[in-house]
Amino acid sequence: MILLEINDVSIDYRTEHGTLRAVDHVSLHVDRGESVGIAGESGCGKTTLGLAVPLLLAQNATVATGSITLDGTSLVGLSEKQMDPLRWTKVAFVFQGAMNALNPVQRIDRQILEAITTHETSIDAGVAHKRVLDLLDSVGIAPARASSYPHEFSGGMRQRVMIAMSLACRPKLLIADEPTTALDVISQAQILSLLNQLRRAEDLSLILISHDLAAIKRVCDRVVVMYAGVVVESGLTAEIFGTSTTAPSAAHPYTQSLIAAHPDLHGQRVLAEGLSGHPPDLSQVIVGCRFADRCPHVMDVCQRVEPTLVTIAPGHVAACHLVDGEAS
Amino acid sequence: MSQLPDVTPPGEFEVGVSQRDLWSSLWHDKMGRAGVIVLAVVLVLIGLGPVLFPFNPYAFGSSSGSLMQAPSRADWFGTTELGQNVFREFLVGGRISLYVGVTATLIAIVLGAGLGLVSGYYAGWRDTVLMRITDFVLVLPTLPLIIVLAALFGQNVIITSLVIGLTSWPQTARIIRSQVLSLRERPLIQRIRSLGANDSRIMFRHILPNVAPLIFANLALVLSGAILAQAALAFLGLGDPVQVSWGTMLHNAFDAGAMSLGAWWYFIPPGLGIVAMTLGFALIGNSMERVLNPRLKAQR
Amino acid sequence: MTNTPNVLEVKDLVVHFPGRRGEVVKAVDGVSFNIARGEILALVGESGCGKSTIAMSVMQLVVPTSGTIITGGEDLTALHGKALRQARRRIQMIFQDPFGSLDARQTVYESVVEPLIIHKAGGSADERRNRVLEALDFAHLRPPQRLAAVYPHQLSGGQRQRVAIASAIVLGPELIVADEPVSMLDVSARAGILRLMVDLRDRLGVSYMFITHDLAVAWVVADRIAVVYLGRIVEIGTSEELVAAPAHPYTKALLAVSGGDDRTGEIDPVSGEIIEVLPGETPSAAKVPPGCHFHPRCPRYAELGQPEVCRVDDPVLHLTNKSDVKSQTHEVACHFPEEPI
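Chains as they are written, first to last, in our numbering: chain A, 36 to 363; chain B, 111 to 410; chain C, 1082 to 1422.
Chain A extracted, bound-state conformation (with noise of 0.2 Å):
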């Protein structure tokens, strides 16, 4: 049962050196209490795609083609009146770094009581109360300790009170962007398995924006590569970036390169090559393949023509000449 469906999206930047097509002719979907990753490196438009959804984008950002919709409702074009009721209570974000936006000189328990009565403004103010306490608990933080300063808290603790505060109005779809970046291997771990707990408790659907593919695997049922603003590669997880017991099974060469620039421990202790040179110029035309230029399989078509996504298994698409057959 489809909760959000980005269909076609295409987002510009209007800058003084012209229009910068950051995400260009997207679409992915996400189901109800399923979570996706959306994976790439910096430069690749995810969070732009991501801040699209509960239209957050910069003033001088414009979804230039296509649409989203959200549990039936249609998003693009909605006027600022229209979209904040839906902000919180259908869709809530959490910004990379966001564990340093919270308010230092307020306590925690009333900034999470303020995002509450902001949305449901005639909800009573014992049960809103309750919430708070409910909510920190679920995010493992005692009652005792609602009441502290955010300066009062490490930075994993205070990341679970920003998770806590974007569940504040149950929205179904939570999106979160590189939220545990800045945070020590043990702490990323607690915060993503406590994402997978909520997930599972409350139903609740994820999109998690990230460029560690570890994170995504922990989380994530199915992952979308993007690079350059367009999706490379997208399919489930366990298939895509293997198991421990399954090889990985990513068809397009960036998608490769990324998975082995994480090494496995587990497998062999060998260093990767790596990729030379760095992403596409997105406010100039690029012709044919955007990976092209770094590809350690470029082929002389790449150059030429921009490759679409093809199925290559069952739920499994990539957009490379490799595996399409225009190789002849």
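Hint data in this document are derived by calculation from the structure and do not stem from the laboratory. Here the structure is a predicted model, which is why all the values come from computation and not from measurement. It is possible that part of the hints are untrue.
Lysine to aspartate or glutamate pairs mimicking EDC-like chemistry, simulated, CA-CA at most 16 Å apart [claimed, not checked]:
#, chain 1, residue 1, chain 2, residue 2
1, A, 252, C, 1342
2, C, 1092, C, 1155
3, C, 1333, C, 1322
4, C, 1163, B, 309
5, A, 252, A, 213
6, C, 1368, A, 187
7, C, 1092, C, 1110
8, A, 252, C, 1322
Short, incomplete list of chain C residues facing chain A, as computed with Cβ under 8 Å [stated by the list, open to error]:
#, residue
9, 1237
10, 1279
11, 1281
12, 1298
13, 1321
14, 1339
15, 1340
16, 1345
17, 1367
Here a beta-carbon is modelled for each residue, glycine too, at the ideal position from N, C-alpha and C.
With chain A's structure known, arrange chains B and C on it following the hints.
Structure of chains B and C alone, referenced to chain A:
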């Protein structure tokens, strides 16, 4: 090689804006452009004026008919109570205002930036001592001090410049100090220090170039303040009595009762001149602060 | 260059800072290790564990409270002025932030020639120019003549880090201290930098002290790994033996999480509780637990019924039981280390 955007954007405030960018940003900023235009007009007048309009400096009025006359074809800005040509006085007087302004500012900036640099870089006890000295000078009442010093050491442009300069540096010192304090924590400085560079190399080769734009922005503001200070002193009669400046003109006009006589041509030009020069520098200084604003990442 | 077998010998390094409220922040609390010529040693730990402070102390950017740091036969903590500057030629540092560590107002050439100027080395201007171009070439910044003329903002993060590396090798150091050199770079750019570092070790014989929070990266790049927790080394050994048979419970936990094998968040079928790799969070260095720093979070401490020795005695690094007699490299600081297989 490539003109790349950053792969991982640093998100840091770079004080390293190039000269050319500075001028073009200044021009594009409305205030900056206004300041540049106003200043250009004033500077051209006082620079070229006496050359283009060589009025006789010794032409004092002979008969009472040519004293305190309104503007006419012969005397564009009219005459003073001594029959002197006001326009000439105006053109020449601007030079002293500018001279004192610039000299005082140079003293203030060198002292202020120097102290700010040392204070911010070393921190510790040197910073504490220097900052207490700065605070002390900051709270000194400027005008009374200048009056006393002028009374003690006489009234000439050198003394005036010195005194204004020596009382204007604290503002610069504080601004530069806080910028240096944040720069010294940068990995760059740690790296250069770890290479074994000595303090003076770090301060002059790495920190100073990175605070230079900030010094320029501050310079413009200090300059406008210095010009006003000189004008105020001259108006109070503490300026150099021999040299004509706009402030002296106002002083003379006041003494001669120009205000009550309605001789507007005598005091409006110098007044406007002071305002224009001060405003021009202030607009440029303000604009430069905006141009160098931390939120403006030097994204090229 | 000197000919001692170790390029660096750190003994009993202690760095304590006064805290804001008068307490003592024990950033580094008794650390000893050596780095051999041509060796890459990784210091692995979470942020705040003291690994960066160790690096700063070795670079003499932070003055240690006590301990000795010996390179080229001299104790750096006892040197000052000219002698210290001379000694600095042997150890160079690379920082985490590729942009913040370069002077935005200097060209690449100026940044790389600076160490030569500071130390009045490299000969004439022409000879210096050649050395700079050579260093740029070593760092895979090609063609060096063209790249020498650009400014940092025109380069990618990976390229900037290469400039930092070039400026570090231009003096021919024995040891490079690299503090999280790839964590601010894109994933694709990381392998290139790591390969470069290993390549320079192979070609120039330079050693590395490689600081990272990522155990997997340390495993592929380093010869030996030292695991740091709250200012102490809890385990040290070759990368292979440490990962194959970790002896310290903290290393075990790190390894499990880094390998994705931990079952954090899952429900334990026996106890019915949610599995945690390690309970709680790392305490701050201002409130270090007595005895073994790790005991409040240690699964073995809990399993063994909270033995008093863990609360009272600081465990000292000692060889593990299963180290093979010849190599003698795997040490652990634990009263009850993992039994050998």
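Tested hints:
no.	hint	verdict
1	A:252 / C:1342	11 Å, holds
2	C:1092 / C:1155	13 Å, holds
3	C:1333 / C:1322	12 Å, holds
4	C:1163 / B:309	13 Å, holds
5	A:252 / A:213	14 Å, holds
6	C:1368 / A:187	14 Å, holds
7	C:1092 / C:1110	11 Å, holds
8	A:252 / C:1322	27 Å, violated
9	1237	5 Å, holds
10	1279	7 Å, holds
11	1281	14 Å, violated
12	1298	7 Å, holds
13	1321	7 Å, holds
14	1339	6 Å, holds
15	1340	4 Å, holds
16	1345	4 Å, holds
17	1367	13 Å, violated
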